[in-house]
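S.K.: Okay, here's what each chain looks like letter by letter:
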Amino acid sequence: GNSVTQMEGPVTLSEEAFLTINCTYTATGYPSLFWYVQYPGEGLQLLLKATKADDKGSNKGFEATYRKETTSFHLEKGSVQVSDSAVYFCALVPDSSYKLIFGSGTRLLVRP
Amino acid sequence: DTEVTQTPKHLVMGMTNKKSLKCEQHMGHRAMYWYKQKAKKPPELMFVYSYEKLSINESVPSRFSPECPNSSLLNLHLHALQPEDSALYLCASSSRREMNSPLHFGNGTRLTVT
Chain H
1 GNSVTQMEGP
11 VTLSEEAFLT
21 INCTYTATGY
31 PSLFWYVQYP
41 GEGLQLLLKA
51 TKADDKGSNK
61 GFEATYRKET
71 TSFHLEKGSV
81 QVSDSAVYFC
91 ALVPDSSYKL
101 IFGSGTRLLV
111 RP
Chain X
113 DTEVTQTPKH
123 LVMGMTNKKS
133 LKCEQHMGHR
143 AMYWYKQKAK
153 KPPELMFVYS
163 YEKLSINESV
173 PSRFSPECPN
183 SSLLNLHLHA
193 LQPEDSALYL
203 CASSSRREMN
213 SPLHFGNGTR
223 LTVT
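Here the protein sequences line up with chains H and X, keeping their order.
FYI, in the numbering used here the residues of the first sequence are 1 to 112.
FYI, in the numbering used here the residues of the second sequence are 113 to 226.
Treat the hints as calculated values from the structure; they're not laboratory data.
Glycine included, each C-beta is placed from N, C-alpha and C at the ideal position.
Mixed in with the good hints there might be a few duds.
Across the chosen pairs, the derived CB separations fall in these ranges [stated by the list, open to error]: (1) H:Thr70 x X:Met127: 45 to 51 Å; (2) X:Arg222 x H:Leu46: 20 to 26 Å; (3) H:Gly29 x X:Met127: 42 to 48 Å; (4) H:Gly29 x X:Thr119: 35 to 41 Å; (5) X:Ser184 x H:Thr70: 38 to 44 Å.
So these bits of chain H aren't anywhere near chain X, every CB distance computed over 12 Å [stated by the list, open to error]: (6) Phe62; (7) Lys68; (8) Thr70; (9) Glu76; (10) Ser79.
The shape of chain H in the complex, shown without the other chains (with noise of 0.2 Å):
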């Protein structure tokens, strides 16, 4: 079946450090792949896409790649802030399907 795995939070970081959430997931043929960001009180955001191998999504800072050889689509930044301090979603829209189908979340913390 089709599904998405993320790594465990919570994440806690200081502000400027290097951010890595670790993504994979399940599929047949060739899914859309999605990050989302959900602020305290707030729904989801869209924060990134890729629909295709080797596609790189970007916004914000943030990046991830569409891996097929790995089935990953590891999210990154730079530098993070204060302000990044969310729950970050990965999620899968399978071939031929409309359903989003959601990682568990990784919740961030930065430490001023």
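Go by the hints and put chain X onto chain H.
M.R.: Positioned in the frame of chain H, the structure of chain X alone reads:
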């Protein structure tokens, strides 16, 4: 500001009450979704409407009744809920023109069932 608007932001209801959650979008999207999110968990899909017709029901109990009056509006009617139904209810929409178009979420309605 989110482009998907949900009302109310908070709702407290008793187990015998009937209430409705409302969702509105003006992006011309033809797919609309209801998700339920419990604390510290990812959202779980409940219903999908495509071109105002119900296309997916993820085996949701009948005490939740969705309605899509037109392409911009989505309602979720609630009746005889249980305390375990307390959660954040999220509405989302997406374009049907692309199979893998991203979902746009509202900020949700935080529901408490007493």
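S.K.: Falls inside 35 to 41 Å, the C-beta gap from H:Gly29 to X:Thr119?
M.R.: The hint (35 to 41 Å, Cβ to Cβ) holds, given that H:Gly29 and X:Thr119 are roughly 38 Å apart.
S.K.: Is the Cβ of H:Glu76 more than 12 Å away from each Cβ in chain X?
M.R.: Correct as stated: the minimum Cβ-Cβ distance to chain X is 20 Å, above 12 Å.
S.K.: Grab the minimum beta-carbon distance between H:Lys68 and chain X and tell me whether it stays above 12 Å.
M.R.: Holds, because the least Cβ-Cβ distance between H:Lys68 and chain X comes to about 15 Å, which exceeds 12 Å.
S.K.: Measuring from beta carbon to beta carbon, are H:Gly29 and X:Met127 in 42 to 48 Å?
M.R.: 44 Å, holds
S.K.: So H:Phe62 supposedly isn't at the interface. Is its beta-carbon more than 12 Å from every beta-carbon in chain X?
M.R.: H:Phe62 is indeed farther than 12 Å from all Cβ atoms of chain X, at 15 Å.
S.K.: At the C-beta level, are X:Arg222 and H:Leu46 separated by a distance inside 20 to 26 Å?
M.R.: 21 Å, holds
S.K.: At the C-beta level, are X:Ser184 and H:Thr70 separated by a distance inside 38 to 44 Å?
M.R.: Cβ of X:Ser184 to Cβ of H:Thr70: about 41 Å, so the range 38 to 44 Å holds.
S.K.: Compute the least Cβ-Cβ separation between H:Thr70 and chain X, then decide whether it is above 12 Å.
M.R.: Given that every Cβ of chain X is farther than 12 Å from that of H:Thr70, nearest at about 20 Å, it holds.
S.K.: Take the C-beta atom of H:Thr70 and the C-beta atom of X:Met127, compute their distance, and say whether it sits inside 45 to 51 Å.
M.R.: 48 Å, holds
S.K.: H:Ser79: least C-beta distance to chain X exceeds 12 Å?
M.R.: Given a closest Cβ separation of 26 Å, the condition holds.
Of the numbered hints stated above, none is contradicted by the structure.
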